[in-house]
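Undergrad: Residues per chain are reported as follows:
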Amino acid sequence: MRSRSMAGFRQLLRNTPQGLYCPPGDFHIDPVAPVARALVTHGHSDHARSGHGTVLATPETLAIMGARYGESFAATTQAARYGEKISHNDVSVTLVPAGHVLGSAQAVLRWKDITIVVSGDYKRRRDPTCALFEPVPCDVFVSEATFGLPVFRFPDASEEVAKLLKSVALFPERTHLVGAYALGKAQRIISLLREAGYDKTIYVHGAMASMNALYEAHGVQLGPLAPATDVARNALPGEIVIAPPSAIADKWARRFADPIPAFASGWMMVRARARQRHVELPLVISDHADWDELTETISEIKPRELWITHGSEDALLRWSELNGITAHALEIIGYADEDD
Amino acid sequence: MRAFARLLDQLAFTPSRNAKLTLLRDYLGKAPDPERGWALASLTGALTFDAAKPAFIRKAAQERLDPQLFALSYDFVGDLAETVALVWPVKPGANREPELPEVVESLRTASRREVPILLERWLDALDATGRWALLKLLTGGLRVGVSARLAKQALAGLGDVAVTDIEEVWHSQEPPYGDLFAWLEKRSERPSTDAPARFRPVMLAQAIDEATDFARYDAGDYAAEWKWDGIRVQAAHERGERRLYSRTGEDIAGAFPDVLAALDFEGVIDGELLIFNDGHAASFGDLQQRLNRKSADAKLLAKFPAGIRAYDLLMDGEEDLRGLPFAERRKRLEAFIARLKSPRIDLSPLQPFASWEELATLRANPPQGDPAIAEGLMLKRWDSIYEPGRPKGPWFKWKRDPHLVDAVLMYAQRGHGKRSGFYSDYTFGVWREDANGDRALTPVGKAYFGFTDEELKRIDKFVRDNTVERFGPVRSVRADRDFGLVLEIAFEGLQRSARHKSGVAMRFPRVNRIRWDKPAREADELPALEKLLD
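Heads up: the sequence lines are chains A and B, in that order. At position 194 of the first sequence (counting the first as 1) the number is 193 in numbering that gives the first Met the number 0, and the numbers step up by one without a gap. At position 89 of the second sequence (counting the first as 1) the number is 88 in numbering that gives the first Met the number 0, and the numbers step up by one without a gap.
No lab work stands behind these hints: they were computed from the structure. Treat the numbers as computed from the prediction; the structure is a model and nothing was measured. Built from N, CA and C at the ideal position, the CB exists for glycine as well. Be aware that a few hints might be false.
Dumping the calculated EDC-like pairs for lysine to aspartate or glutamate here, alpha-carbon to alpha-carbon at most 16 Å [as the list claims (entries may be wrong)]: (1) A/K250 with B/D452; (2) A/K162 with B/D8; (3) B/K460 with A/D249; (4) A/K250 with B/D459; (5) A/K250 with B/D464.
Ranges between beta-carbon positions, derived for each pair [claimed, not checked]: (6) B/Y216 with A/E172: 37 to 43 Å; (7) A/E172 with B/K445: 26 to 32 Å; (8) B/R16 with A/Y197: 24 to 30 Å; (9) B/K445 with A/S49: 43 to 49 Å; (10) B/G436 with A/E172: 56 to 62 Å; (11) B/R512 with A/A206: 36 to 42 Å; (12) A/A271 with B/P390: 44 to 50 Å; (13) B/H499 with A/A271: 21 to 27 Å; (14) A/Y68 with B/S496: 54 to 60 Å.
Using the sequences and the accompanying hints, generate a full structural model.
TA: See below:
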C-alpha cells in the first residue's frame with residue numbers, strides 16, 4: 000500500500016505544457032490553454048480560462064466564469080457541489096472547499112489506492128465570503144507557494160481593516176482608494192468593513208459591479224454600494240473607493256479628492272513592493288496561504304509527497320528537506336498572482 | 000511600542016508633508032507621557048542608540064531560522080532589519096509587549112552584554128511592525144522622512160503656538176519633554192528658556208516684489224549687503240557652552256569642529272557659514288562637502304576650511320541686543336568682530352547706495368571676488384529690531400535673476416501624493432557634440448515643479464503619447480532633432496559634478512516656461528551652459 004513511488008503517482012497526475020493532467024480520468028486541472036476536458040478549481044482568470052470543451056467546477060465557479068466570459072465560455076459544463084463524488088473511468092473526483100474565494104475548491108482525486116489532493120489556491124483563515132478550507136488526508140498534496148517565503152506571515156485581516164478605518168477618520172478630506180482584486184478580495188474587504196461596523200456607502204469601480212452582484216446572489220451581503228464613476232472632480236472626500244489594483248495609480252484616480260492610494264495584498268508585507276506601486280497605505284490582506292499556513296497545512300496533512308505548483312518553491316523545498324518530506328517543484332508556468 | 004511602530008510605519012509610506020503633520024499631531028496628542036516624549040526625541044534625532052550592529056541582528060535571526068531560508072528571505076526583501084523583523088520566529092509563550100519608555104530606559108542603562116538578551120526578548124513579544132521599528136531604533140536613524148523641523152511644526156500645531164516659540168524653548172528641554180507637553184496642553188507655564196547657548200529663533204526676510212515694493216519704501220531707510228551663498232547659522236558661546244545651529248535650530252556643530260573652536264567670544268552671532276579659501280568665500284558646492292555629516296576628519300577640515308561671515312549680533316556678552324534697531328546692532332557687531340580678530344569669523348560688509356536704481360546696477364554687476372558668488376542682495380531697515388519669523392517690511396531679499404536654459408524633456412517619472420497618477424518629475428537635457436561631430440542630448444538636471452495643474456496635465460499627455468521606452472516608473476520620451484518638448488529651466492547656479500554624465504549639476508532647477516513653440520533642435524548646447532559654472 001504505502002510503497003508506491005512518484006512514478007506510480009504520476010500515473011494518476013502529471014505535469015504537461017497545458018498544466019496538470021489526469022490520464023486515467025482524461026482531464027486537465029486549471030489548464031492554461033484550451034483542452035477537451037478541464038477541472039477548474041476557482042474563478043481567477045489565470046486558472047479559469049475560456050474555450051475548453053467541457054468544464055467541471057463548483058456551481059459558484061461556473062457562475063463566475065459565465066459572468067466573466069459569457070455563457071458560452073465552454074461547450075458543456077458540469078457542476079459539482081462540495082463533497083459530491085463524480086466518477087469517470089476508474090477515477091473519482093470530489094471538490095472540497097479551499098477557502099480562497101467564493102466557490103474555490105480543492106480537487107480530491109482517487110484512483111486504485113492512490114489519493115491526490117490538488118489544492119488550487121487556498122488559505123486557512125476565516126473569510127466571511129467563502130467556505131473554510133478542509134484538510135483531506137492524501138498521498139500527494141499539490142500546493143501553491145505564492146507566498147512561500149518565511150517573510151510572509153500575515154497579520155489578522157481585521158487589524159488591517161482597522162488601520163484603514165483609522166486613516167479614514169484621520170484624513171476626512173481625502174478619498175481612500177483601495178486597490179483590490181475584483182474577484183474575492185474586493186468582496187472580502189467590503190465584508191470585513193461591514194463586520195467592523197462601517198455601514199456607509201462603499202464606492203466601487205465599474206469593473207467590480209458584476210462580481211459584487213454575483214456574490215450577493217450567492218448570499219454574501221455587501222451592504223450599500225455605489226458606482227465610483229461619473230463623479231465630479233475632487234469627489235468623494237472621506238469615502239472609501241474600491242478599485243482594481245491597476246486603477247489606483249492611474250488616470251482614473253485623478254477624479255478623487257487628494258486620494259490616499261491603498262492596496263490590499265499579501266505582497267504589501269514587503270515595503271519595497273508597496274513603494275514600487277506608490278502605495279501609501281499598504282494593507283496586508285491576502286487570499287493565499289502565508290508561510291505559516293503553508294507549512295502548518297503540510298504538517299497537518301502529512302502527505303507522502305508534496306508537489307508545488309507555482310510561486311516561491313525554493314524555500315518550501317528547503318523546509319520540506321529540513322522536515323523530512325519528499326517534495327517536488329512542478330514549475331507550472333502561467334499562473335500570475337502579482338495583484339493578489 | 001505598538002502606537003509608535005504604527006506611526007513610523009505610516010510616516011515611511013506617506014510622502015505628503017501635510018499628511019505627515021496630521022499623523023504626528025494625532026500621535027503626539029494621544030500617546031501618554033513619557034512615551035510620546037521618547038518618540039519625539041527619536042524623531043528629532045535627540046535620541047540615538049548604537050546598541051545593535053547589523054551583524055549581530057543577522058546572527059540572532061540565523062540562530063532561530065535555517066540560514067538557507069534566511070538567505071532566500073533576505074534576497075527577496077533586500078533590507079536586513081526588515082527581513083529579520085518579518086522572519087523572526089517567535090518562541091511560544093510570548094512575553095508582554097514592551098512599551099517604548101521601557102525600551103529606551105533599559106537601553107540607556109544596559110551593558111553591552113545585556114543588550115542581546117533584551118533584544119531577543121523584545122523581538123519575541125512584538126509583531127512584525129513592532130520588530131521593524133525596534134530594529135530601526137536600535138541601529139540608529141529612523142529614516143521615515145521626518146525632519147526635526149517637521150516634528151516641531153507638529154508640536155506647534157498641537158499647542159496652537161508658533162513654531163518659533165517651540166524653537167526658542169527647545170534647547171532648554173530634555174527628553175522626554177514632560178514640561179514641554181504640559182505647556183502645549185496648557186497645563187503649565189511656558190518652560191524657562193534660560194539655558195546657556197540656547198537657540199534664538201531667527202529673523203527671516205521676505206522676497207521683494209520689484210513691481211510694488213520699491214515705490215513703497217524709501218531707499219534711505221535700508222542698509223544693503225550681499226546675500227551670501229552658504230547656509231544661515233547661529234553661533235553661540237555663553238557660560239562655557241558652544242553651539243552652532245542651523246537656521247531651524249538644529250545643532251550642526253559635529254560637522255564643524257573648526258568653526259566651533261573659533262567661537263572665542265561671549266555672545267551669539269547670526270551669520271553665513273561659508274568655506275574660506277585664503278579669506279575668500281568658496282562656492283556652495285564646496286560647502287556641500289561638509290554638510291549633512293555627523294563629523295569631519297582632518298583631511299576634510301584642511302581641504303574645506305569653514306568659517307562664518309557675520310551679519311548680526313543677538314547677544315553681546317550677557318546683553319540681549321534683539322530689541323535694539325539694526326543700525327545699533329550693526330555698530331556693536333562691527334566692534335565685536337574687530338575685537339575678535341579671528342581668521343574664521345569676518346564681517347559681511349554693507350554696500351553703500353543712494354537710490355534703488357544704483358542698487359539695481361550693483362546687483363546686476365557684482366564685482367569680482369566674493370560678491371560674484373552671492374545670491375543677490377539683502378535689504379535691512381536701519382530701525383528694525385530683531386524679530387523672529389518672517390515679518391513683512393523690515394528685511395527683504397532681492398535675489399539675482401535666475402539663469403535660464405532651454406532644455407529638452409528626456410525622461411519622465413510619476414509623482415507622489417496628489418500627483419501619483421501624473422508624470423510630473425522631468426529629466427531634461429541639452430545638446431552636446433561628440434568626437435564625430437554628432438549632436439546628442441545629454442541629461443543636465445531634473446525638475447518637478449514650476450508648472451500649473453493645467454500645464455502638468457498637458458505635459459502628462461505629451462509623455463504618454465510620446466513614450467519610447469519604459470523602465471519601471473520611468474518613461475523615456477521621444478526627443479531628437481526633429482521632435483521633442485522644450486522646457487525653459489530656471490536655476491540658481493551650476494557646479495561641476497562627477498556624478499552626472501554631462502559633468503554639471505544645477506542648483507534649484509525648476510520649469511520656468513514650457514516652450515511648446517520651440518523646435519527641439521534649437522534648444523541650448525552644453526558649452527553654453529558650461530560658461531555659467533561657478
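Undergrad: Hint by hint, say whether it matches the structure.
TA: To see whether the hints hold, each was checked on the structure:
no.	hint	in the structure
1	A/K250 with B/D452	holds (14 Å)
2	A/K162 with B/D8	holds (11 Å)
3	B/K460 with A/D249	holds (13 Å)
4	A/K250 with B/D459	holds (10 Å)
5	A/K250 with B/D464	holds (14 Å)
6	B/Y216 with A/E172: 37 to 43 Å	holds (40 Å)
7	A/E172 with B/K445: 26 to 32 Å	holds (30 Å)
8	B/R16 with A/Y197: 24 to 30 Å	holds (29 Å)
9	B/K445 with A/S49: 43 to 49 Å	holds (46 Å)
10	B/G436 with A/E172: 56 to 62 Å	holds (57 Å)
11	B/R512 with A/A206: 36 to 42 Å	holds (40 Å)
12	A/A271 with B/P390: 44 to 50 Å	holds (46 Å)
13	B/H499 with A/A271: 21 to 27 Å	holds (26 Å)
14	A/Y68 with B/S496: 54 to 60 Å	holds (56 Å)
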